[in-house]
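S.K.: Protein chains in written order, with numbering that gives the first Met the number 0: chain A, 0 to 345; chain B, 0 to 345; chain C, 0 to 345; chain D, 0 to 345.
Hints should not be assumed to be uniformly reliable.
List of simulated lysine-lysine pairs, DSS-like, C-alpha gap at most 25 Å [unchecked claim]:
#, chain 1, residue 1, chain 2, residue 2
1, D, 334, C, 121
2, D, 26, D, 66
3, D, 177, C, 152
4, C, 48, C, 65
5, B, 238, C, 152
6, C, 121, C, 98
7, B, 238, A, 238
8, D, 242, C, 277
9, B, 277, B, 238
10, C, 277, C, 242
11, C, 121, C, 66
12, B, 177, D, 334
13, D, 121, A, 90
14, A, 277, D, 334
15, D, 121, D, 152
16, B, 334, D, 177
Just so you have them, the derived chain B footprint on chain A, three or more residues with Cβ under 8 Å [claimed, not checked]:
#, region
17, 44-58
18, 87-97
Read the hints as simulated data drawn from the structure, not as lab findings.
Don't be surprised by glycine CBs; every beta carbon is placed ideally from N, CA and C.
There are 4 protein chains.
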Amino acid sequence: MNNASAPLQLTIVGLGRMGANIARRIKREVLANTPVNISVFDVSADAVKTLSAEGFTGLSSLADLKKQNDAANPQIVWVMVPAEVTGATIKSISEHLDKGATIIDGGNTFYREDIANADWLKEIGIDFVDVGTSGGVFGLERGYSLMIGGEKKVVDRLTPIFRALAPGVESAERTPGKTGAISTAEEGFLHCGPAGSGHFVKMVHNGIEYGAMAAYAEGLNLLDAVRNGITHPTAVGGKSETKYDLDLAQVTEVWRRGSVVASWLLDLTTQAYEEDPKLDNYAGSVADSGEGRWTVQTAIDAGTPANVLGASLFSRFASRGNDLYANKVLSAMRKKFGGHTEAKSK
Amino acid sequence: MNNASAPLQLTIVGLGRMGANIARRIKREVLANTPVNISVFDVSADAVKTLSAEGFTGLSSLADLKKQNDAANPQIVWVMVPAEVTGATIKSISEHLDKGATIIDGGNTFYREDIANADWLKEIGIDFVDVGTSGGVFGLERGYSLMIGGEKKVVDRLTPIFRALAPGVESAERTPGKTGAISTAEEGFLHCGPAGSGHFVKMVHNGIEYGAMAAYAEGLNLLDAVRNGITHPTAVGGKSETKYDLDLAQVTEVWRRGSVVASWLLDLTTQAYEEDPKLDNYAGSVADSGEGRWTVQTAIDAGTPANVLGASLFSRFASRGNDLYANKVLSAMRKKFGGHTEAKSK
Amino acid sequence: MNNASAPLQLTIVGLGRMGANIARRIKREVLANTPVNISVFDVSADAVKTLSAEGFTGLSSLADLKKQNDAANPQIVWVMVPAEVTGATIKSISEHLDKGATIIDGGNTFYREDIANADWLKEIGIDFVDVGTSGGVFGLERGYSLMIGGEKKVVDRLTPIFRALAPGVESAERTPGKTGAISTAEEGFLHCGPAGSGHFVKMVHNGIEYGAMAAYAEGLNLLDAVRNGITHPTAVGGKSETKYDLDLAQVTEVWRRGSVVASWLLDLTTQAYEEDPKLDNYAGSVADSGEGRWTVQTAIDAGTPANVLGASLFSRFASRGNDLYANKVLSAMRKKFGGHTEAKSK
Amino acid sequence: MNNASAPLQLTIVGLGRMGANIARRIKREVLANTPVNISVFDVSADAVKTLSAEGFTGLSSLADLKKQNDAANPQIVWVMVPAEVTGATIKSISEHLDKGATIIDGGNTFYREDIANADWLKEIGIDFVDVGTSGGVFGLERGYSLMIGGEKKVVDRLTPIFRALAPGVESAERTPGKTGAISTAEEGFLHCGPAGSGHFVKMVHNGIEYGAMAAYAEGLNLLDAVRNGITHPTAVGGKSETKYDLDLAQVTEVWRRGSVVASWLLDLTTQAYEEDPKLDNYAGSVADSGEGRWTVQTAIDAGTPANVLGASLFSRFASRGNDLYANKVLSAMRKKFGGHTEAKSK
């Protein structure tokens, strides 16, 4: 029988930027009446040491999890490791847990992998919860937006942890028209549905993020272009040039107030300009991670158009030169049918 | 010689949703030491009457502008009429103004039209200022984000008007790292450059708006699809289905707190769900206005890629059925080479 | 020991439009010195009967394959069934074959499924070859373009079959500059590489097909639009209309001769116009099959941009109304921030 | 009164690759009973000299056109100069022509400029015809596909010229189902409608060309990628790699026979591979000319989706690095919200 009044026994596995701050935020935010004991582990002993110095219980190996098994208060392990080792880590962890324990995958896992993980863990008596975690490096201070998948009774037990991590109801004005009790979504965490649904919603969230980022990037690219001058052909065979010496740091700043495109991404863009007005620190080679890819691939499975999300993903591929061969083919075709030579300038 | 201490003499021409609220907000927000006298005009006498009842000076015709000419305090006319009549309205207004007056085009005018307008108005001694005005129906309360083009000394004189309209410095947290005096961009208005530059920046702003909106729309479309089930072919010839009974009103609500995609557009989407959880009030036929089109056309003139902005525009065209003939061509081709009949289902 | 001089023993399983014509073309085209015995099977007894009447050996069940096993002349089974039953059909067939036999998958199978199939078939001593087959309903007369994956020695033995099916060297002018022996590619069949590579190349072929089709469709859509008139806003605030009463059947006809866009797809489009000048027989609901989807999903795995291929796929989804919810979201947003009502017209 | 039986008096102005070959092809192809006298002019005296040596009448200046005016047999001037000087050249030519003469603009002019040109030329009594000319460097041998705009009686008189330039009816098989008299479209030239319609159809033709080219380029890019290996994440957290050592020259060759994507562009691509198997001669910086841009801009005016045509245009812009600033913005955003550093590899 569960000891519902005992402090939850939570271990964070993976103490990178996200995992360490998640440990810290839970510790800081849990209420007196819902305490959580927090252990930590990482393959880097240094990372464990740092957190131990902050008052967390450091484990020296995953095998230490064994000691925390308690039939009356089943332990909870939050896995926050890189996507490519998540599966193996969950496997290892599961070997040290008693039945009744819960594994939370808080990383960026493909939702169909979650479904598979939930299935085999269930067979050995371990509950699985997937948590899409948005918030980035600002999460420690701002809190994290949490999208959660799993069985209701399992998720419910974890509520104090999610509540501690979430930004809280005061972090945004209440949506006009809403009345009655505050929902958990208004606190910043949502039980979306069964296994995989948390990561599904987070995946789409990231797809939207790609699209919105690309919208700003394309727009600012055009504003940058007008600084060098845009030549317009006119209908009657002439040309005119438009050139404006715009200050883009000021433009993004003014959009932060009252405009339709105000957003947190815009706030961050403005900060980036503040620190590096010409963006000289960036070479323009843009990485992408699994979720942008999975979103478009899943949209294709679903038969739903994803022109914007797809284009935002493809532009990242092109930013890394992955369109080079295609462009050689185009130049070769132009050479053959028109005798055209390649462009020398923009 | 200008009487710099006299109240600015401003007339708002065009009392639709935007124009009326602009008049109201200026009246409400101007400080005691920078008063503005506000007249109003509209082709609808009723609209003028409504504003007159609120204490504004109603003009009965544009010819009434003549009476307001004052060499010591040149008057200012803010034109806020539909794009298609803006040119003609400016022409009419100019006929009643003395040299030294200023015409502000606050509507959604193509920036190259502004350049032309500024040129011919200059020849008759009238100053021209273009103002891109973002804020929509919420502007009266939240203030408007203002992107301004024109000559510096002309724009400077209008500062009290812009300051009254802008949301003000407290409407967003100061960008971290910024120090020193508050810029006008931090108040919500920005002198971007010479004639046309205000509308240029506003045009691109709207292009970004289209792209960001489409990002949310495509993502929510995919979340909607998973409610009906997505069938995935598996690499080994089988199939699996994913189905989650997501509550999208809750999903957008949770994203408002701590997530990377938090934005004003998301706040509004959440409100829309609050009022109409299934979006039953909408048929999905999406209008577009000039600025989205001009942004992509200008990006083409500039030679800058606009895949996301273009796709967001094209999806609106398709939403109105303008892809029908293209789709018939595709079906005809498929019939011819493969004997395929048309799709009956999704 | 193989009896290399004996006629190849081939069975076609699946006698739909493609399978039946493949049987017919092989029968008609094989040379006297490389005869092929052809059996046929289909789950429809009527289909078998039709082919039997044409001189093929009809099998009454897959179990009849057993009788054809011959250690000295291992039999070959060409599977040409719908993608969703291909895996199961191969499984059933394998149960009746002796070691040394070859199964050809001529359908539209995902290349990673081929790799899996080749692996498990190899374990039971059966060779596997995947053949991407392009040519549609015209293949019987024009021949099929064949893209082949599998082990070289296995593929080599099948050459008489592929040669019979391919269009032959005379079907296109020799590529200028080519000298020396005619390659099989110049006959119309190509051993691309190991298992799956045939279907991989065919998959990409179909992706290109989608993109090229969409290029024509979008262009013809614009030509259709100018028949109703296009309104151009002019830079100085006016409007002009362009309207041309184009005859699109004539336009596609003229492009067939000497233009850069001449192609077989254009020939077919012209035929479609000949039969149905207004394309009234088509509703514009465009199906898609696995290969277009797999191409884009694989491009994403590969990190290569696929804007055109993706857009051509997404436009088919939209043609079936799968963008409806996205468009409702857009209308809802526009309503909220701007008080805009939905578009009534194009 | 016109002397209908006299040889047409034609002058080609502009003796670049296109203009010189047009002169040559007309000379070679005109029938005995419809002779054409051909004069030539170019700003380069050398170019005139070359053609004079081939038997054409060389003019030493545009003023020489004056001598060719003949009220009974009004002369025809075909302008084939770069787009940016077309307007000025037409202006100059018009000053030397008598009423009743015809100016043909055979270059790549924006159709709205044609409409303007036709208007002012009509006022001075000169007829104007716009001819979209497709065929590239192969036109001399293959003939040109001609899309013609202008008044019917003016165009009709020019028929011998168009017939000489067009590829002729034998250049493609008759479209199945067509019966009766051969149309001019079946010969390779088409009177599309009034002024501008020829260039409108040619503009869209080029837009389609961009889209179709990009379809091949994206597909071949993916085939190139699989040569280096594609890593697929699997649903259960693993990875698999696909690597095929494809010979793309052979792939394009096999597609030329019997496949759905057979086309002239594919023939040319195969030639390019024949000459340069790795496309090492190309850097991948792809030029674009006006017509691709105008097509997409006009589609936007028309409100018709052009995702594929737009994407194919934008990919050329990106090939020239015009997406650099956008990519810097993306990297800056990723740095700010996630602390991410830029991608180092593909």
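S.K.: Decide, hint by hint, whether the structure agrees.
M.R.: These are the hints, each one checked on the structure:
1. D:334 x C:121: violated (49 Å)
2. D:26 x D:66: holds (21 Å)
3. D:177 x C:152: violated (47 Å)
4. C:48 x C:65: holds (20 Å)
5. B:238 x C:152: violated (34 Å)
6. C:121 x C:98: The hint holds at about 9 Å.
7. B:238 x A:238: violated (57 Å)
8. D:242 x C:277: violated (46 Å)
9. B:277 x B:238: Status violated; Cα separation ~29 Å.
10. C:277 x C:242: holds (18 Å)
11. C:121 x C:66: Holds: residue 121 of chain C and residue 66 of chain C sit about 22 Å apart, inside 25 Å.
12. B:177 x D:334: This hinted pair holds, its Cα atoms lying about 18 Å apart.
13. D:121 x A:90: Violated: residue 121 of chain D and residue 90 of chain A sit about 83 Å apart, past 25 Å.
14. A:277 x D:334: holds (15 Å)
15. D:121 x D:152: holds (14 Å)
16. B:334 x D:177: Distance ~18 Å between residue 334 of chain B and residue 177 of chain D Cα, so the pair holds.
17. 44-58: violated (count 0)
18. 87-97: It is violated: at least three residues are needed, and the region 87-97 of chain A offers just 0 whose Cβ sits closer than 8 Å to chain B.
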